[in-house]
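Just so you know, the sequences run in chain order G and U. At the far end of the first sequence sits residue 348, using the numbering used here, and the numbering has no gaps. At the far end of the second sequence sits residue 1793, using the numbering used here, and the numbering has no gaps.
No wet-lab data here; the hints were simulated from the structure. Hints may contain errors.
[As the list claims (entries may be wrong)] If you want a taste of the chain G side facing chain U, the calculated C-beta under 7 Å gives, among others:
id, residue
1, 57
2, 65
3, 69
4, 70
5, 71
6, 91
7, 160
8, 163
9, 165
10, 178
11, 183
12, 185
13, 293
14, 306
15, 311
Just so it is clear, the structure is predicted and the values come from calculations on it, not from any experiment. Every residue gets a Cβ at the ideal spot worked out from N, C-alpha and C, and that includes glycine.
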Amino acid sequence: MGRYIARRLLQMVPVLLGVSVLTFALTNLLPGDPARAAAGRHATPQQLEEVRERLGLDQPLPAQYAMYMGRLARGDLGTSLTSRQSVAEELRLFFPATLELLLATMLIAVGVGIPLGVLTAARRGRWADRAFLGFSYFGVGMPVFFTALLLQIFFAGWLGWLPIAGRLGLATVPPPAFTGMYTVDALLAGQWTTVLDALRHLLLPALTLAIAGGSEVGRITRRSMLQALDEEYVRTARAKGVPERTVWLRHALPNAMLPTTTVIGLQVAFLLGGTVLIENIFSWGGLGTYAWTGIFRLDIPVIMGITLLATTVYLFVNLGVDLVYARLDPRIRYG
Amino acid sequence: MNAPNLLSCAAIALVLGCAPAGERSHLVLLTEGIPPTLDPVAADDSRVDNQSINLYSALLQYRPGTTDLQMDLAASYEVSEDARRYVFTVREDALFHDGTPVLAEDVKYTVDRMLALKIGVWAFFTSVSGAEVLGERRVAIDLFEPFAGFLGAMTRLYIVNADQIRPNEFEGDFGQRWLQNHEAGSGPYRLVSYQPGQQITVERFTGYHLGWGPRHVDRAVFRVLREEVARRIALVNGDADWIFVSSADTLAALAEEPGIRVNRDESLNQLYIAFNTQSEHLRDARVRRALALAYDYEGHIEHLMRGNAVHPHGVLPAGAECASPDSPRPRTDLDEARRLLASAGIRPGEVELTMAFEGTTGETPIFEIMRAGAARLGIRLSAVDIEWDAKLASFSRLETSDDMGTVWIFAPGPEAHHYLHALAHSSQAGGGGNNFAWYRSEAMDEMLEAAAAELDVQRRCELYREIESLWLEEMPFAAVVTMVAMSAQRENLRGSAVSLGHPLTQNLYAMWKE
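Please work from the sequences and hints to get the whole structure.
Laid out in structure tokens, this is it:
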């Protein structure tokens, strides 16, 4: 297993290299002038020229890429053209917010999606099953930004139960930074009011993303459970008089979890993309917001940094999914 | 406690925790744009200017809601006879937020910093050659040549605390990295907290040199909320005191809400349509004038903007310096347009043109109005829907420039120079400049340079009148409409006014709650 993990980690290097080449090339192909981001909207042609020269943007693309990779090899993700901050430092600042949102979303999506999938499989064809299927079509098909607006209008606008945006209330002081995730940091600091405030702010954006993610997870779990329940080993277990609850939870569910695990892995990639929209709608101030501003300003080091970070996260999630496979299915062996 | 009970308790706690906060003592202002930095050198960007005007002070400033200049950090100033040296005396009671006095050295450091970084507000100070400390509180700023817009531009030169920044300089960046999320100002408010991409909290600086009255705001929060629907809900629910509004529909809906006041403030933001003077069919000024006459200006203001836009005065916004109500207003006259086309030898159906615009920022209807007008002249117009950066890049080279394109001028002040020089001077053609028309005229360049250097307002305005005549004859750009700055607020908020000199900003010092 150790050798397998080491091999997979090594395989990540060419993938990241390929992603870096593609992102660098595509970003530079985009119409626009990165020097404008640094110089400002009112910059004159002469001013742009000077800024271009100062930032090395007048160099040929291969030379710019070589310089970037040289710095990257030393662990330096470069400096943002707009803020002049280290991209690595900015990623450290913005990533915890996104991670907090992702974890909360996955908690809801998996925590609700899997039990719902199992329950509706048990009640196949009944009203609960039909209701879930109907809802899941809505969840999967509805664009997340639209779901976000509906939830904002309903829970924040009409009912006034939840805050409309932000990570904390206007009067709440952020807790001491340990992880950068407000709920966790407030919990660690024992600031219960802040925990509650952070949770209330987290609920709507996490729910928005979880409706889409949980619907997909639930649908796949339901379908996989129905397939597993048709398998011979289930019939054998029932014939042996194994209690129905054990048949479901010990025999069918672990097998049904294989495709669900794949979907959960894919959801992480979907959510990483989805946060760009959601973070902007909810003023979340995470990686999505950072990506949005970076892309609109054509801040190449920022775009590169975000892409490499997102790719790394995705590769590790993929690795994790493969390792979970081995736990769920003893027939799978890595070596 | 079992799991379901625990969950129920948590749900109740979440809902109870969101009871209305009651009367807030602080102001909450919801904006759309995320400031890329807090560094005031980038205050040419209104998102940065919105923070800078509250955290920093300049030597001179516009009186809130007007374009009248008044002393801010400066106690007085003198101008040399050749108008190339301005000597400022800094007020003795002016303090930075760390309690140290504002000195001439800080002004010099601010000027040196801007000249070295060559970004942001430097675009307004290209005539400045340097600064010299003449005494503890006396400082001279030197110009290469006289520049009429200099004093107006000084309202964007926010003075930074040199002693506070120097220890935070990194590899000769003049503290640019540090100032991204810190401040070193002497403005009425000081920074309490900054959560990038989310919100900025400021509170009253008790040592502010202009003093405090009983009604001023103690604390304020600028929160970024990109979605207009969300901003509207927050205002109606009482979670916000002021919001930025970008759509006429939202403004109309908010006008119906009890307890809400909508604002339609005069602005200096003007839309132009560029006619590429180097393009095959638009080389002839008569064709450009014909197209300008085909645009439905009334329809744009009345139907598209629901009255939230106004006609320019000639080629300038009504609020700009030297704009005259006697200047001809843009008009639609299809008969005259057809006559001009005929005299240029253009027959209906012969000409096809392209027009670049930003569909994502709501410019599609502008293209449609232009297309409808052109169609009535027998000219086919094709759409090039493109982002601002891409449009700028495409107009950077003549061979990739479209025949026509939209250009917005968000001027930093009321001086005509900011519009006419930026659009029509030949140095602004290509390379990322705003002269999308590729208009090059020696006569125009000479007049623009003379006007920029003319310090006498009357003579300057006469020069701009001549420039306007040439412009209307040559028509490199059609001045389309001047926008109205839209916002909405709770009725008990007072003093909120968009300053013409600082578009899209809110000056907290002028505001109070009743």
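Hints versus structure:
{"no.": "1", "hint": "57", "result": "6 Å, holds"}
{"no.": "2", "hint": "65", "result": "9 Å, violated"}
{"no.": "3", "hint": "69", "result": "14 Å, violated"}
{"no.": "4", "hint": "70", "result": "12 Å, violated"}
{"no.": "5", "hint": "71", "result": "12 Å, violated"}
{"no.": "6", "hint": "91", "result": "13 Å, violated"}
{"no.": "7", "hint": "160", "result": "13 Å, violated"}
{"no.": "8", "hint": "163", "result": "10 Å, violated"}
{"no.": "9", "hint": "165", "result": "5 Å, holds"}
{"no.": "10", "hint": "178", "result": "5 Å, holds"}
{"no.": "11", "hint": "183", "result": "5 Å, holds"}
{"no.": "12", "hint": "185", "result": "10 Å, violated"}
{"no.": "13", "hint": "293", "result": "5 Å, holds"}
{"no.": "14", "hint": "306", "result": "6 Å, holds"}
{"no.": "15", "hint": "311", "result": "6 Å, holds"}
Checked against the numbered hints given earlier, this structure breaks hints 2, 3, 4, 5, 6, 7, 8, 12; the rest are met.
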